[in-house]
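Trainee: So the sequences go chain by chain: A and B. By the count of our numbering, the first sequence reaches residue 361 at its end, each step adding exactly one. By the count of our numbering, the second sequence reaches residue 361 at its end, each step adding exactly one.
Some clues are possibly wrong.
As the list claims (entries may be wrong) - One-sided and incomplete, this derived list gives chain A residues near chain B with beta-carbon spacing under 7 Å: (1) A84; (2) P86; (3) A88; (4) P187; (5) A195; (6) R196; (7) L226; (8) A235; (9) V238; (10) D240; (11) L272; (12) V279; (13) L282; (14) A311.
Read the hints as simulated data drawn from the structure, not as lab findings. Glycine included, every Cβ here is placed at the ideal spot set by N, Cα and C.
Number of protein chains: 2
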Amino acid sequence: MVESRLIGPVRVVGAGLLGTSIGLGLRNRGIDVILADASPTNLSIAVDYGAGRAAAPGDAPQLIVVCVPPDVTAEIVARELEAFPQAIVTDVASVKLAPLAELTACGADVSRYIGGHPLAGRERGGPLAGRADLFVGRPWVVAAHDAISYQQATAIDDLILDLGAILVEMTPEEHDRGVALISHVPQVVSTIMARRLTDAPASALNLAGQGLRDVTRVAASDPELWVQILGANAQPVRDILLAYRDDLDRFIDALADPAAPGARRKVAEELAGGNAGVARLPGKHGQDRRFVSLSVMVDDTPGQLARLLAEIGEVGVNLEDLRLEHSPGAQLGLAEISVLPEAVSRLTEELAARGWRIAG
Amino acid sequence: MVESRLIGPVRVVGAGLLGTSIGLGLRNRGIDVILADASPTNLSIAVDYGAGRAAAPGDAPQLIVVCVPPDVTAEIVARELEAFPQAIVTDVASVKLAPLAELTACGADVSRYIGGHPLAGRERGGPLAGRADLFVGRPWVVAAHDAISYQQATAIDDLILDLGAILVEMTPEEHDRGVALISHVPQVVSTIMARRLTDAPASALNLAGQGLRDVTRVAASDPELWVQILGANAQPVRDILLAYRDDLDRFIDALADPAAPGARRKVAEELAGGNAGVARLPGKHGQDRRFVSLSVMVDDTPGQLARLLAEIGEVGVNLEDLRLEHSPGAQLGLAEISVLPEAVSRLTEELAARGWRIAG
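Excised from the complex, chain A in its bound form (with noise of 0.2 Å):
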């Protein structure tokens, strides 16, 4: 067991998937988490799957989290202010200024509520989803106010760093602004990609590949979720969307007659702009191009892909991504395998000596 920063008790609000992965989090590091949910289901669901304990009289928590939905939040956030008068309260809601325009309209005691949001998910909901490491590795916004003290903000950094998250600070407006683009706007846009597809002939959709697949993905996801959070967050994502029917109509209009001067020159210069935007996304596959990565052939057979990775392992090459390209009905897959760049010539030699085809 990990030494705690926090001292505890935690009480989290809401045995979903965050509020689960939350307790999980904290009870591996020992810390005493006092779990609640409307449903008492859920409820002890959680406190089976070792999240937390339930709520017991006299229970003096130094933090609570809210994990509710977003159009929730601020009331329950009020709630737990006046129930535990001793506590900092935060949230996870994907949104910040609502909740905390909210709170301070029906006079709650804002100073000690900062709003927090981790930007951990997954597709599936619910406490049995939930893990301890969700959060690890993933960046956990802090929406900083005013009113506000330094020690009251020491609580929720180190609920953050004992969870493994890395903490970001953020007003609650750059907040609001941030996640619009690179996450409320993209569900709207792979929204409405995915309902063209509601009354397309199925000899279409029969030639999708992954394109169509990556660009539509997240349009599968809850559509109660996210009417709150487009609601609570509609002007910055508007905003965005404006932006985004602009270029929109330089496409439509440049492909009205696509042989006219300049019309070509204008889509150039639009996908141009596209290579640009994905170039600054940070991580594996963005900017940074830390690794490269190799394409090997595998039959789809059991234990083929096991002696695969048991050979990357003997050649002592650290695997950093690996994806499994399968076609349905082939018998053959492909595996990109993601390696730092120095190790690439060798293990393509090593791989190759040893029979695997290697594709690229």
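Fit chain B to the known structure of chain A by using the hints.
Mentor: Leaving out everything else, chain B in the frame of chain A:
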């Protein structure tokens, strides 16, 4: 060596990714492949790579496959039809109406031309990215037209089957509308989203997760190629973009005043429509849900993933798909394993018994 349906020789014009892959696939079947490319460097790489031989006087190809960019496809097809009056000519351009119209307009003998489009590709291009099994299990559209006879079409059918692809017959119009929806519009949608990142603050980009990366992945594609594709399929692409803009306007309107009566219902309907669209996509991650996935924690050290996969092999379960999730800086990765539904509970038990942490 598997017996081939084609007799050959087959002449492949353009030794890029597709041409080289076709050459490699046909050579695997023992077919005489003649390669041609405007670039002597490309040609010699492809020949050295085993994709075929250089042209020789007296060559009499049975079939010619033109694998050049869309803009010059019709011109090269016309040249090949004239140079080899006994040969059937096909192409691989990702639009089908424009080349046929251009050929008809210039008086080419289209009774020997039938357009094709393999739905296969890679992010990398060039002869060295070629691989013999690029087309295995992928759809390959044959764009039928009235001037071609059944006997003539047979050579192209054989080519497709020899390369392991799945023959799909469509009219050029159906094809172009289909790929506008499943490939060209997603490209535009992704490009415009990525463009919005060009002047974004780094603090926002640092919050980016997999959702944004997926939506913008294809925005990294080659602008030069895509200007040609979009220009050649402008009308179908534009029609879908106009419908896309209508939906976008509905979002923009609803977000102008999200508290207005009906605004949330409108957003919810759009989001639900997106769910329905994604659900129509066939394949592993779509509609038929043939596989279920299991997430297992793996340490970021050489050999860990190999050990996991070896143990899955020991349990006798076949891996249908695998994806490694790995946050930058994290010491833990999450292996998402897809298996047949009947195998999942046994696999979960067996892995847990071997000490693996199952995350859901």
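Trainee: Taking the hints in turn, state whether each one holds.
Mentor: Results of checking the hints against the structure:
1. Here the hint on A84(A) is broken, as its CB sits about 28 Å from the closest CB of chain B, past 7 Å.
2. Against a cut-off of 7 Å between C-beta atoms, the interface hint on P86(A) is violated, since the closest Cβ of chain B lies about 32 Å away.
3. Below 7 Å, beta-carbon pairs count as interface contacts, and A88(A) has none with chain B, the closest being about 27 Å; its hint is therefore violated.
4. Among the interface hints, the one on P187(A) holds; its C-beta lies about 4 Å from the nearest C-beta in chain B, closer than the 7 Å criterion.
5. At a threshold of 7 Å, the smallest CB-CB gap from A195(A) to chain B is about 3 Å, leaving the interface hint in force.
6. Taken as an interface hint, R196(A) checks out: its beta carbon lies about 4 Å from the nearest beta carbon of chain B, inside 7 Å.
7. Given the 7 Å rule on beta carbons, the hint for L226(A) is violated: about 9 Å separates it from the nearest Cβ of chain B.
8. At about 4 Å, the closest approach between the beta carbon of A235(A) and any beta carbon in chain B falls short of 7 Å, and the interface hint on this residue holds.
9. The interface hint given for V238(A) is met, as the beta carbon of that residue sits about 6 Å from the closest beta carbon of chain B, less than 7 Å.
10. At a threshold of 7 Å, the smallest CB-CB gap from D240(A) to chain B is about 10 Å, leaving the interface hint violated.
11. For L272(A), the interface hint holds, the least distance from its beta-carbon to any beta-carbon of chain B being 4 Å, beneath 7 Å.
12. The beta carbon of V279(A) comes within 5 Å of a beta carbon in chain B, closer than 7 Å, and the hint placing it at the interface holds.
13. Of the supplied interface hints, the one on L282(A) holds, with its beta-carbon coming within about 6 Å of a beta-carbon of chain B, less than 7 Å.
14. Because the closest C-beta pair between A311(A) and chain B is about 4 Å apart, less than 7 Å, the hint holds.
In terms of the numbered hints stated before, the structure departs from hints 1, 2, 3, 7, 10, listed from lowest to highest.
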